[in-house]
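Visitor: These are the residues of each chain, in order.
Number of protein chains: 4
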Amino acid sequence: MCIFGIYTNLKKDAELHYTRQVVQALEDRGVPYYFDDALVKAMGAGPEASCRGRKIDVLLVLGGDGTMLTAARKYGPQGTRLLGLNMGRMGFLLDTEVENLRAAIDGILAGKYRIEKRIMLKAGILDAEGKIRASAYGLNEAVISQKKVLRIVNVHVAVNGLPVDNWRCDGLIVSTPTGSTGYSLSAGGPVVQPTVDVLLITPICPHTLQSSNIVISGNDEITVRAESDYGSTVLTLDGQDAFEIGQNETVSIKKADFGVEFIRYTDKNFFLLLKEKLAEWVIK
Amino acid sequence: MCIFGIYTNLKKDAELHYTRQVVQALEDRGVPYYFDDALVKAMGAGPEASCRGRKIDVLLVLGGDGTMLTAARKYGPQGTRLLGLNMGRMGFLLDTEVENLRAAIDGILAGKYRIEKRIMLKAGILDAEGKIRASAYGLNEAVISQKKVLRIVNVHVAVNGLPVDNWRCDGLIVSTPTGSTGYSLSAGGPVVQPTVDVLLITPICPHTLQSSNIVISGNDEITVRAESDYGSTVLTLDGQDAFEIGQNETVSIKKADFGVEFIRYTDKNFFLLLKEKLAEWVIK
Amino acid sequence: MCIFGIYTNLKKDAELHYTRQVVQALEDRGVPYYFDDALVKAMGAGPEASCRGRKIDVLLVLGGDGTMLTAARKYGPQGTRLLGLNMGRMGFLLDTEVENLRAAIDGILAGKYRIEKRIMLKAGILDAEGKIRASAYGLNEAVISQKKVLRIVNVHVAVNGLPVDNWRCDGLIVSTPTGSTGYSLSAGGPVVQPTVDVLLITPICPHTLQSSNIVISGNDEITVRAESDYGSTVLTLDGQDAFEIGQNETVSIKKADFGVEFIRYTDKNFFLLLKEKLAEWVIK
Amino acid sequence: MCIFGIYTNLKKDAELHYTRQVVQALEDRGVPYYFDDALVKAMGAGPEASCRGRKIDVLLVLGGDGTMLTAARKYGPQGTRLLGLNMGRMGFLLDTEVENLRAAIDGILAGKYRIEKRIMLKAGILDAEGKIRASAYGLNEAVISQKKVLRIVNVHVAVNGLPVDNWRCDGLIVSTPTGSTGYSLSAGGPVVQPTVDVLLITPICPHTLQSSNIVISGNDEITVRAESDYGSTVLTLDGQDAFEIGQNETVSIKKADFGVEFIRYTDKNFFLLLKEKLAEWVIK
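Protein chains in written order, with our numbering: chain P, 55 to 338; chain G, 55 to 338; chain F, 55 to 338; chain Y, 55 to 338.
Chain P extracted, bound-state conformation (with noise of 0.2 Å):
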């Protein structure tokens, strides 16, 4: 029996309308859901009714393509599939237009699907005797910057060990091929196809000529050293998720063991997406 959860982003359906069309359709078809934690609250539900401690095994996301990285670092680590249901412009992980929830639903209860596996990063902060302080997921990319804006860090980069490169810049990006149509590009960074298995380390405005784009193993492991003049670096997931790295702390980044799966009924031409997407870019 497949156990449902529904994830919204409760600013794009601020009135729970195509939630609730959610509902009534796993209700019509007798299929058991949990609602994430911050929905529980909004649909006026009991904690019984919440994802909480339970093996879900799909997470219906109803968003954007900033709602599906929240849902992956969340979900992803405990293997639940996970069905984009895009309420905004065109997503780059968003499979279904919400409209379309019903047969969606429908194909996932027939087993109907492809599974698109994306490598996910972790990231881990260790103190000075080299222990994991703190660790977190990133489906985009992490960045460490400085806490303040537009102050230089210096980061000292090792990939398995051997020094790479030290540089003075606004901060570092190490993105997954997912994360390369995102911040990682505007940084000057490479387009990589999702499916291929590296990962891309950038400098963010580096104060020096040096090559700027690397593309290492997806089996690498990249720490990071970064020294401030001005207080307090961050550690930062997708853009969501920030974590301060004290004065001795070393950050370490690779691929999670595991590779968050989203189910796929449309086969797109991620470079025609990706046309789309920056066409849409400029014609504002």
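Worth flagging that the hints you see were computed from the coordinates, not collected in a lab.
The list treats identical chains as one, so a pair stands whether inside a single copy or across any two.
Keeping only pairs whose Cα atoms sit at most 30 Å apart, straight-line, the calculated BS3-like set for lysine-lysine is: (1) Lys65 x Lys201; (2) Lys171 x Lys308; (3) Lys308 x Lys322; (4) Lys128 x Lys201; (5) Lys176 x Lys201; (6) Lys322 x Lys176; (7) Lys329 x Lys309; (8) Lys308 x Lys331; (9) Lys331 x Lys171; (10) Lys171 x Lys309; (11) Lys176 x Lys109; (12) Lys128 x Lys331; (13) Lys322 x Lys309; (14) Lys308 x Lys109; (15) Lys322 x Lys66.
Assemble chains G, F and Y onto chain P, guided by the hints.
Guide: Chains G, F and Y only, in chain P's frame:
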């Protein structure tokens, strides 16, 4: 009679070794001199020794390029001429090695030097009614960005009232030719010969693939309106002076109606200086 | 009395439909006119109808931006004013849609127009003794490169006799502001407002990580010496006129001592034009 | 029994000084060896001394990186292992300084070395019926461009049959990780660790602001159709082998079904090598 001021980077000349040599040299020559405020205290002098409220003809600046930026913003508007006495690594703005201070002072007294004039920026923050609420000068660049690190800001840029573009980016740099080898360069801007009368507009990590670097006339006025979903934005001059920008405020940036005057003895080839500087960046 | 010339892109107006309309309009108004050489033949006219050897006051150019480049190189040096009658897609240099040719001619006769002056380049090839062996004009850019495709050339660049740098690259572009939206832009150069008095130096695919884009004063003179292991190098103006460069020859490039004058009725915002142009590039 | 081949860059070892040392060392050890064709003649040997038609186990390559590219294209497809004996400046592909040739030969005979496998490209030209008319290998990159210098070519690119984009540009580079530090880098491509299984697609000076650099899987096949208004286009491999492309022909590029094997003794940090190389570029 030429009135001297002395401006010292107290980190670089912590024991005032060179500052005292400057003082001695001026005493030996019977020349009147005053201290910048911070130095008054460091020298244990009284308020009568301060530059404040006096017309300083020539300011001797001991430090590095960063010191020169601060001194230029403070003394440039008064028409004071600046001579940089270099205590750091290679500097673009500092003419003379600090060891040669006596010869340099003699040259000034004899009027045997060249003047290199550099344009400065005047940036103003305008409130909702269009009144200038605050204004400040910059020698390198004005940056408009988020207060919080690495968050996107939406900037709407106009030149002489005509819309140029709006960018979703990490920030916007408006640079002088002097600033073209600084932050602007790391954001992908061109290198401009110091005496060319232009301004540069360069977005930082724009989320768009539009043309990124724009060169306009030094007589143009740039207006920037910055929108943010994440709180306040700031205007920063030369990476040193910061001003918070209110919700309905705009920023106006144009060439100041004076140019700062640097005293020059040496006639260095700007491009070779640049090459040295960049080589220094690479071989760390 | 205003003497007109007519310059037609014979590919774009293959059946001379619009050219004949121009002729008719000039006949109707009793205005003297002559044809550019290629057009003399196409119109079946005799040599007395040719612009050759006459002082042409206003040249009507039917075609696209490329046509305007050719016409400007040929007629600009004589002080002829040019009006572009656009037969193509959006053009930066063509003021008037060809359909409005009658109103445009009336405007010229009435003197009701604006002049936009653009700087042009003068490039000279100097032999081993420093004598000018050949020279030519360009409105967009001068390019120095290999004759054989995609072979590295080693260029030594000086400005006003002072060495700037030497690059191993595919070629070197020296561009006017007008040319800044052309080849220079694809090689990574900045966009320059058309009326700013500067020149741009941009190497093509340099095998070096030095600063790539340089902005110098419009009054500077650039000297280029190109070395190649693979045979001859060439100087190309506006991508249209090519001159082989001998083994011991150098190329000198500076602003021409005249500016070409474009007749303008419309007052388009250069940046919006640019935005349209770039959008056109994306959505093919 | 290990059969050796010798491949010498006759410009770098013009007097065959090191080549004769290699011969002597192999003679001393009683090891069979043959010469590459060009060397047969230079050594004054007979046709029986030629590698041609023989299975060569290990090829000793005397020269620089460029020599290694040529040797890899010729001997890589046969499964020959290559050891580079460096006679030039720092090389990425040459493991051993030529002075250490005896120790290197001993290491090979003792089987005491490491193999570094690099992917190579196989490029084929397909005629209008889709039949392969010609094919060739490349270790660094395949470039499709105009025959005439600096003329725009319109390239239509597909990956695994799906359209990616079409660019108006100076040319298109498809690079291996090995080639990522070569021409691809000067065109703005990322640096890729040598052993990562990807290919890079990079247009040269594209007349578009679309994303320029694309990273795809090493298992993908790229198809390129090139259109030109200015005559023929060419396919060039490693900047050394050129093939004219006919009007209705397309080019197919994919990973070769073998990887060239380099013999390695030293275990250099790729990123430090790169840094040295780039520093060498700057300080000329």
